[in-house]
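Enquirer: This is what each chain is made of:
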Amino acid sequence: MATIKADEITKIIREQIENYQQVMAVEEVGSVISVGDGIARIHGLDKVMAGEMLSFPHEVVGIALNLEEDQVGTVLLGDYTKIKEGDTVQRTKNIMSVPVGDALIGRVVNPLGQPLDDKGPIAGDQRSPIERLAPGVIDRQPVREPVQTGIKAIDSMIPIGRGQRELIIGDRQTGKTAIILDTIINQRGGDLICIYCAIGQKRSTVAQVIKTLTDSGAMEHSIVVTASASEPATMQYIAPFAACAMGEFFRDNGKHAICFYDDLSKHAQAYREISLLLRRPPGREAYPGDVFFLHSRLLERAAKMSKDLGGGSLSALPVIETQAGDVSAYIPTNVISITDGQIYLESDLFNIGIRPAINAGISVSRVGGNAQIKAMRQVAGSLRLDMAQFRELAAFAQFGSELDKATQAQLGRGRRLTELLKQDQFQPLSVEKQVLGIFAGTNGYVDDIPVEDVRRFEKELYSFVETNYGAILKKLADTKAIDDGLRAEMKKAIDDFKKSFVTDGKTVEAAAS
Amino acid sequence: MSAISQRYAAALADVAFERKDAAKIRQDLSDFAQALAESSNLCNVLANPSVSIDAKKSVAAKITEKMGTHTEVRNFVFLLIDHGRTGIVHEIRQSFESEMNRRAGIVDALIASAHELSASEKSQLIQALERVTGKKVHAQYELNPELIGGTTVRIGSTIYNASVREQLDRLRAELESQ
Chain A
1 MATIKADEIT
11 KIIREQIENY
21 QQVMAVEEVG
31 SVISVGDGIA
41 RIHGLDKVMA
51 GEMLSFPHEV
61 VGIALNLEED
71 QVGTVLLGDY
81 TKIKEGDTVQ
91 RTKNIMSVPV
101 GDALIGRVVN
111 PLGQPLDDKG
121 PIAGDQRSPI
131 ERLAPGVIDR
141 QPVREPVQTG
151 IKAIDSMIPI
161 GRGQRELIIG
171 DRQTGKTAII
181 LDTIINQRGG
191 DLICIYCAIG
201 QKRSTVAQVI
211 KTLTDSGAME
221 HSIVVTASAS
231 EPATMQYIAP
241 FAACAMGEFF
251 RDNGKHAICF
261 YDDLSKHAQA
271 YREISLLLRR
281 PPGREAYPGD
291 VFFLHSRLLE
301 RAAKMSKDLG
311 GGSLSALPVI
321 ETQAGDVSAY
331 IPTNVISITD
341 GQIYLESDLF
351 NIGIRPAINA
361 GISVSRVGGN
371 AQIKAMRQVA
381 GSLRLDMAQF
391 RELAAFAQFG
401 SELDKATQAQ
411 LGRGRRLTEL
421 LKQDQFQPLS
431 VEKQVLGIFA
441 GTNGYVDDIP
451 VEDVRRFEKE
461 LYSFVETNYG
471 AILKKLADTK
481 AIDDGLRAEM
491 KKAIDDFKKS
501 FVTDGKTVEA
511 AAS
Chain B
1001 MSAISQRYAA
1011 ALADVAFERK
1021 DAAKIRQDLS
1031 DFAQALAESS
1041 NLCNVLANPS
1051 VSIDAKKSVA
1061 AKITEKMGTH
1071 TEVRNFVFLL
1081 IDHGRTGIVH
1091 EIRQSFESEM
1101 NRRAGIVDAL
1111 IASAHELSAS
1121 EKSQLIQALE
1131 RVTGKKVHAQ
1141 YELNPELIGG
1151 TTVRIGSTIY
1161 NASVREQLDR
1171 LRAELESQ
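The listed protein sequences derive, respectively, from chains A and B. Numbering-wise (the numbering used here), the first sequence opens with residue 1 and increments by one. Numbering-wise (the numbering used here), the second sequence opens with residue 1001 and increments by one.
Any given hint might turn out to be false.
Simulated pairs of lysine to any residue, SDA-like, Cα-Cα distance not exceeding 20 angstroms [claimed, not checked]:
no., chain 1, residue 1, chain 2, residue 2
1, A, LYS11, B, LEU1175
2, A, LYS47, B, ARG1103
3, A, LYS47, B, ARG1154
4, A, LYS119, B, SER1177
5, A, LYS11, B, SER1177
6, A, LYS93, B, ARG1170
7, A, LYS47, B, GLU1174
8, B, LYS1122, A, MET24
9, A, LYS47, B, ALA1003
10, A, LYS93, B, ALA1173
11, A, LYS47, B, ASP1108
12, B, LYS1135, A, ASP46
13, A, LYS47, B, VAL1132
14, A, LYS47, A, ASP87
15, A, LYS47, B, SER1157
16, A, LYS47, B, LEU1171
17, A, LYS11, B, GLU1174
18, A, LYS93, B, GLY1156
19, A, LYS47, B, ALA1173
20, A, LYS307, A, ASP139
21, B, LYS1024, B, THR1133
22, B, LYS1135, A, GLU28
23, A, LYS84, B, SER1157
24, A, LYS492, A, ASP448
25, B, LYS1135, A, GLU27
26, B, LYS1066, B, ARG1102
27, A, LYS11, B, LEU1171
28, A, LYS47, B, PHE1078
29, A, LYS47, B, ARG1102
30, A, LYS11, B, ALA1173
31, A, LYS93, B, ILE1063
32, A, LYS93, B, SER1157
33, B, LYS1135, A, VAL26
34, A, LYS47, B, LEU1175
35, A, LYS374, A, PRO146
36, A, LYS47, B, ILE1106
37, A, LYS474, A, GLN378
The set of hints was computed from the structure by calculation and includes no laboratory data. Owing to the predicted nature of the structure, the values given are computational and were not obtained by experimental measurement.
Construct the entire structure; sequences and hints are all you get.
Expert: In structure tokens form, the structure reads like this:
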């Protein structure tokens, strides 16, 4: 950096003073009637707009939320302890907005778009209001491209499309955030920009997430928006809207983005706090009446845009934390009905070692099937069927009665497929490998492998095919479909591999004879 | 000012304009409010829940008769007694004044300056303000040496700030933001 001489600075300042335009400031002001709990009531401000930013003394900013006959109810952002009764409040005539643009990628920001990392100010001056109307019906088209999460159980059975809203729901400690992290990591080198919005979480947890993303090289295509538990409820309330506004920029410019709201139960609680302080009437579970609209207007902004509008997309993966598996509480039912499907995580499954702990029976994706690549659709159809039959039989088999051969085979297949769908954290798989693995499972190639060896079988299969039959994976990636020729090749490769696969010191074939 | 007082004030203003007797009604309301403010006994009687409404009314009737109050204002006082709102008469009076001003196209302006303004400056300023607001301006003046120079005008919740203090503040903000 070139050094600036002292007289140069003086010159610049002198020019500024000389060119200073004398204009009369016209301000619209009000005065604070009462303040407390992050809420201020203001008299005056006759022409204030709903959702307008207001400037308080000591550089505190507020948002006008309640416009009443004789006063304005506002929520305060930042340190409100210095505000006192009688202080003057000025209108800014701006609706709350955040910076948007490519410069945000790789950054950690607060809900106002101010950087929290040590990488300097955010370049660019483009801003976007945090509350915007969702695109209309004509502006959209059905989802058709997949979001590859890299998680076998999700990509095969609960596929997510670009522009979809898929809810991740489960108790605490069931791996909700782990799914998000894997999804973000799997987008390395892709064209999907990930926006992770942490709402009401511990700062230590958020720091851990950022470290994981940085270490795995996933920050290069990610933005982290964080309003931690120690920040005022107002910050937590606007955080997902700010993240969504940042995602909309990419959507409207023909690019693809995905927003993770982690989690919306805390967001609803923050909104409840604000609403009660503003004396809005409480409803069920003391949430205000418009808490459904709060989440629906946020999630409706996720969309796949029509070709005329560039064909960009914004997907949304909201997270809801349930209490002891209770999905019939107010907020979970709301968000389930807004989204296009849900991934249901259970602590029982988690504890018996099925990780990711996805309950495939009640997890659904209502639109993502169209977006799946053809090869995956071909193999996943029978996977879903096999798993459904397995679940039905498993309930009966618990009574320990004698079972016929067909039933036993069905149960064995189910156990092995369950094993096959297990996946370690931070090990996202490419879609070709997923197809290959599930193909082996549903076509009976693992039926004669001991259950405890299935995961090793899968792992070794991938590396075997990678080294000896690389053409198959390449063809799968290119054509994205399985034709008869490719099917035969895949069968041959797996047969070949089984000849060398060793369990208990013997190859499978030797054990069978 | 509370929403309740504004409603009573608006209703009374409606009546005043209908009867075309606005000035008298205005004066009488202000006199009654004055009387109420000066006599704590009267205040206590009207606020006391153990005194019956009829008794309160007869007291009010005697007082208004003595003061020669306009019938509409007397009725208005009775109405307030019926509704148990005599406690906010003062507030209603304020709301009524500003409501009448609003209907007559008059705005109050608080003009602050660093030094005493000359008569010609005042008239120029008021002319300019009347041009900007499109209304008749009732000005109140005050001195505020902190402004250093120039004036600020407050009309309703709008401040027209042309003081030296404001210019300096803005210059500082601009230099600091660089």
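Enquirer: So, for every hint listed, does it hold in this structure?
Expert: Hint check:
Proposed proximity of A/LYS11 and B/LEU1175 is supported: the alpha carbons are some 13 angstroms apart, at most 20 angstroms. For the given pair, A/LYS47 sits about 19 angstroms from B/ARG1103 by alpha-carbon distance, which is consistent with the 20 angstroms threshold. Of the supplied pair hints, the one linking A/LYS47 and B/ARG1154 holds, its CA atoms being roughly 15 angstroms apart against a limit of 20 angstroms. Only pairs whose Cα atoms come within 20 angstroms are accepted, and A/LYS119 paired with B/SER1177 is accepted, the gap being roughly 19 angstroms.
Restraint check for A/LYS11 and B/SER1177: the C-alpha separation of about 17 angstroms stays at or below 20 angstroms, so the hint holds. For the hint pairing A/LYS93 with B/ARG1170, the CA-to-CA distance comes to about 18 angstroms; that is within 20 angstroms, so the pair holds. For the given pair, A/LYS47 sits about 27 angstroms from B/GLU1174 by alpha-carbon distance, which is inconsistent with the 20 angstroms threshold. Restraint check: the Cα-Cα separation between B/LYS1122 and A/MET24 comes to about 18 angstroms, which is no more than 20 angstroms; the hinted pair holds.
Annotation: proposed proximity of A/LYS47 to B/ALA1003 holds, straight-line Cα distance about 17 angstroms (limit 20 angstroms). Note on A/LYS93 and B/ALA1173: the hinted pairing holds, with a Cα-Cα distance of about 19 angstroms set against a maximum of 20 angstroms. As the CA atoms of A/LYS47 and B/ASP1108 are separated by approximately 18 angstroms, the hinted pair is consistent with the 20 angstroms bound. Proposed proximity of B/LYS1135 and A/ASP46 is supported: the alpha carbons are some 17 angstroms apart, at most 20 angstroms.
Annotation: proposed proximity of A/LYS47 to B/VAL1132 holds, straight-line Cα distance about 17 angstroms (limit 20 angstroms). The straight-line distance between the Cα atoms of A/LYS47 and A/ASP87 is roughly 19 angstroms, inside the 20 angstroms bound, and the hint therefore holds. Of the supplied pair hints, the one linking A/LYS47 and B/SER1157 holds, its CA atoms being roughly 9 angstroms apart against a limit of 20 angstroms. A distance of roughly 27 angstroms separates the Cα atoms of A/LYS47 and B/LEU1171; the hinted pair therefore is violated under the 20 angstroms criterion.
Note on A/LYS11 and B/GLU1174: the hinted pairing holds, with a Cα-Cα distance of about 15 angstroms set against a maximum of 20 angstroms. Between the alpha carbons of A/LYS93 and B/GLY1156 the distance comes to roughly 17 angstroms, so the proposed pair stays at or under 20 angstroms and holds. As the CA atoms of A/LYS47 and B/ALA1173 are separated by approximately 26 angstroms, the hinted pair breaks the 20 angstroms bound. In summary, the hint linking A/LYS307 to A/ASP139 is supported, as the alpha carbons are separated by about 9 angstroms, within the 20 angstroms threshold.
Annotation: proposed proximity of B/LYS1024 to B/THR1133 is violated, straight-line Cα distance about 28 angstroms (limit 20 angstroms). Taken as a hint, the B/LYS1135 and A/GLU28 pair is honoured in the structure, with Cα atoms around 18 angstroms apart against an allowance of 20 angstroms. Between A/LYS84 and B/SER1157 the CA atoms are separated by roughly 19 angstroms; this keeps the pair inside 20 angstroms, and the hint holds. Proposed proximity of A/LYS492 and A/ASP448 is supported: the alpha carbons are some 17 angstroms apart, at most 20 angstroms.
For the suggested pair B/LYS1135 and A/GLU27, the alpha carbons sit about 19 angstroms apart, so the restraint of at most 20 angstroms is met. This hinted pair does not check out: B/LYS1066 and B/ARG1102 have alpha carbons roughly 31 angstroms apart, beyond 20 angstroms. At most 20 angstroms may separate the alpha-carbon atoms for a hinted pair to count; A/LYS11 and B/LEU1171 meet this at roughly 16 angstroms. With a C-alpha separation of about 36 angstroms, the suggested pair A/LYS47 and B/PHE1078 falls outside the 20 angstroms cut-off, and the hint is violated.
Straight-line distance between C-alpha atoms of A/LYS47 and B/ARG1102 comes to about 16 angstroms, which keeps the hinted pair within the 20 angstroms bound. The hinted pair formed by A/LYS11 and B/ALA1173 meets the criterion: a straight-line CA distance of about 18 angstroms does not exceed 20 angstroms. Taking the CA atoms of A/LYS93 and B/ILE1063, the gap is near 51 angstroms; set against the 20 angstroms cutoff, the hint is violated. Annotation: proposed proximity of A/LYS93 to B/SER1157 holds, straight-line Cα distance about 14 angstroms (limit 20 angstroms).
For the given pair, B/LYS1135 sits about 18 angstroms from A/VAL26 by alpha-carbon distance, which is consistent with the 20 angstroms threshold. The hinted pair formed by A/LYS47 and B/LEU1175 fails the criterion: a straight-line CA distance of about 31 angstroms is larger than 20 angstroms. Simply put, A/LYS374 and A/PRO146 have alpha-carbon atoms about 11 angstroms apart, close enough for the 20 angstroms limit, and the pair holds. For the suggested pair A/LYS47 and B/ILE1106, the alpha carbons sit about 19 angstroms apart, so the restraint of at most 20 angstroms is met.
The hinted pair formed by A/LYS474 and A/GLN378 meets the criterion: a straight-line CA distance of about 18 angstroms does not exceed 20 angstroms.
When held up to the earlier numbered hints, the structure conflicts with 7, 16, 19, 21, 26, 28, 31, 34 and fits the remainder.
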